[in-house]
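Engineer: In order, the protein sequences belong to chains Y and D. Just so we're aligned, residue 2 is where the first sequence starts under my numbering, counting upward by one. Just so we're aligned, residue -3 is where the second sequence starts under my numbering, counting upward by one.
These aren't lab readings, by the way, just hints derived from the structure by calculation. One thing to keep in mind: the hints can contain errors.
[Said to hold, decoys possible] Anything over 12 Å on all C-beta distances counts as not near chain D; from chain Y, calculated:
1) Lys19
2) Gly21
3) Pro22
4) Met121
5) Arg134
6) Ile178
7) Ala213
[Said to hold, decoys possible] Using C-beta positions, here's what the derived DEER-type ranges look like:
8) Y/Ala24 to D/Arg143: 38 to 44 Å
9) D/Gly153 to Y/Leu154: 40 to 46 Å
10) D/Arg176 to Y/Leu154: 24 to 30 Å
Backbone N, C-alpha and C fix where the C-beta goes; we use that ideal spot for every residue, glycine too.
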Amino acid sequence: MSQQFAHPTAGRHTALAKHGPFAWRALDLITLAVLGVALGVAFWGFDTFLYYPLKALLAGFPPAQQLMLGIWILPAVAGMLLVRRPGAALLCEMVAASVEMLLGTEWASLVLLAGLLQAMGVEVVAALWRWRRFDLMLAVLGGVLGAVFQIVLYQWWFAAREFSWAWKLIYLAAGMISGAVIAGLGGRALIRALAATGAVNAFPPGEEHLIATGELTTDMVPVGEKE
Amino acid sequence: MWGLLSRCGPLSVLAATFLLTIGGLFVGELQAVLVGLAIEAVLIPILVGRAGIPPLRLLPGIVAMVSVTWSNWLLAEPRSWEIALLAGGRVAFFVLPALVLVCFLDPFTLGDHLGQRLRLPARPVLAAVAALQRLESLSADWETLDRARRVRGLGPGRGPLARGRHLASMTLALLVEAVRQAGRMTVAMEARGYSAHVGGGRPRTWLETAPWTREDSVLIGLITAVAAVPALIQLFG
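Extracted from the complex, chain D is given alone in its bound form (with noise of 0.2 Å):
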């Protein structure tokens, strides 16, 4: 078990963060939450193992939890802390383990099992496949743009108005750019049979295989189990 997220597939990684949110689903009791959120504690760390995650990944979730306690606190009826610790709870129950998860995603491997174990559509999950490997080629084009109006001339001001409308106008060349970028792929990836399997051509072929491993089932096994914590508590307890 020690580790066992890096050796599990995207799919089963994904659905596990959606099992634990069906879970939050029937959260209705602080005490219910607080033992699902202490069990959480002390497995996610184990199932991420010495992989380990940026501790920064997960500010945005203890963000998540303070507003959503907060803004019940305000609006809920009637007004206590039990419910809004309730709602942050909830909320907690699946963010939090979700954030880990989510890190050992990775969007090409996530690209093939989801056209050929979920069999979606495969034009439509290659070309977000091959996107997201502009991914990082997007920022260089920000900054060339970014130069290239500041050596003729075109920089922002110091105000934040005219800040904001060069942060607009970047905007818009970027997107630009990332359109004409779009063109290009397709002449490349139609030259490669992108499309030749449309109205029945030659069958697709993949990069890598797409196998659903053990290790996947156990995983959605402990997970569902964590899941229903809380639900068995409150029928039970």
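Next up, chain Y with everything else stripped away, as it sits in the complex (with noise of 0.2 Å):
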């Protein structure tokens, strides 16, 4: 890829899924599935332990409880920035809503609805870049339509319907400037401080960081998969 001589800058230089965007490996399957429980397992411990005093904190201005939504939306990110394949955020993001739901939570299996719908924003911001383009840009957006698609198709439907239209859009606000710290910013710095610690050299984040870090140069990279 010629963009890294274009900017020599660190961290410019844009690792894609080996074999193009469709060439799912076992290794990426069982380690989005796998990322989706710990992940859904921290959800438990939040939802449980800190999800309850928060609400009630915020209980006097509900739609500040939306600014907590991002967490729920940060898998789907996290899943799409790791493994960079059509449907990485889908298989994260479910699996995560699936142990949330198993161990106790309260929407019970709605949240699997929830999740798809999270997800599907991910996976559109992706899709829209053609599997291309992995960058803040990606996270954010994907993290903001996430919380769209949650919102709009969901909350507005039961939590939120006999809301005024007024209270309905800083209900979306709230929960879109979540989705985009929290899931975009958050799943991003997560997924880089993976990379940092070298677990996840199999994959494109992990490429990148050592490309950063001088121990790869793009030019060891085979051709087949520069794009």
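Make the complex out of the two chains shown on their own, each in a separate frame, by following the hints.
Structural biologist: And the structure:
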């Protein structure tokens, strides 16, 4: 990829999934599922110990509760940034939602529906760039669209159905902010932190990290895998 | 009908929760949803039968109902208790039964059914099932990491900030460990033919069959009827 030479600054190289976006490896599927389980447990811990006190604290201004929404979208963003294939966000998010459902949560099996909607937001953004762009923009827009899908297609029909339009929109805006910050920035920070440990060297973020630290140069990446 | 849920497959149980959600979508009157809730209060314990469920599992649903009622009282237009209770009742109508129903789901049976009956792609389904089997060892890993840190003098301090930092670094360590385990799992699963059917190889076999039984149909019939109650009352009541 000539981009590396056009922008010599570190971290400019975007590594893509090996052999094109559709060539799912066993390692991709199993890593996403395991990551989903780990994040699902983290969800459940948040649900059980932190969510209710925070929710009670924000009860005077309920739309502010949507500032927490991004936490649940984070696995979708993280999964897509890690594996960079169509369906990556969906698999990671659905596994995390299943764990949450099985351990016990507020919305029972409806978290599966919520997970589906949130992940589809990330999938749509990744598909718009044809799985070639995995930067901050993708993470943030994915998180935002995930929040929009979740609130417009689900919350507005149930939890917030009788709200006035002004409040519905404030509710949506709070969710979008959370999607951008917690899911987008947070998901990207998480994957970068994982890459820095060397645990995901078999994945594109690991490759990017090695290039950024100078341990790998772009001309060491096989030609067929460059864009 | 007594204890029907224990004899149902996972797909009908999941479908039942979504049917009730669709029913909830059509709830528009307080009276109708109260009748619906009353019918559920009688029917669901019969379907559960002797199996029973931990009552604490219902608590999150009650919190959801209360919080939706409260936020709608604050923000709905026009402000009234009737609208607030309607919003809360609608949520209770599908969330409370769903919380009971999901107690009867087993992730491993669900995987078998998703793969064989719904024909979802086998590899992602099996990856999810295999990963779910790691659920218990995950908490053991957490404790090992925690102990190792304390032994090295890296345990948390007393302040909330120090605890938060400890929690964050522990979470990252756990994720690193999980990703490494996924690598080892992949080797083990590939050695047992996980990807053998890709590209027109041998057809995949499954551990358990995934039958749709008469009980499944009965459950769907009953729940469809219950889900339709509020809408029917509003139409003809």
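Engineer: Next step is simple, just say for each hint if it's right about the structure.
Structural biologist: Cross-check of the supplied hints:
no.: 1; hint: Lys19; in the structure: 14 Å, holds
no.: 2; hint: Gly21; in the structure: 15 Å, holds
no.: 3; hint: Pro22; in the structure: 15 Å, holds
no.: 4; hint: Met121; in the structure: 16 Å, holds
no.: 5; hint: Arg134; in the structure: 24 Å, holds
no.: 6; hint: Ile178; in the structure: 18 Å, holds
no.: 7; hint: Ala213; in the structure: 19 Å, holds
no.: 8; hint: Y/Ala24 to D/Arg143: 38 to 44 Å; in the structure: 41 Å, holds
no.: 9; hint: D/Gly153 to Y/Leu154: 40 to 46 Å; in the structure: 44 Å, holds
no.: 10; hint: D/Arg176 to Y/Leu154: 24 to 30 Å; in the structure: 37 Å, violated
This entry does not satisfy hint 10, going by the numbered hints stated previously; all others are met.
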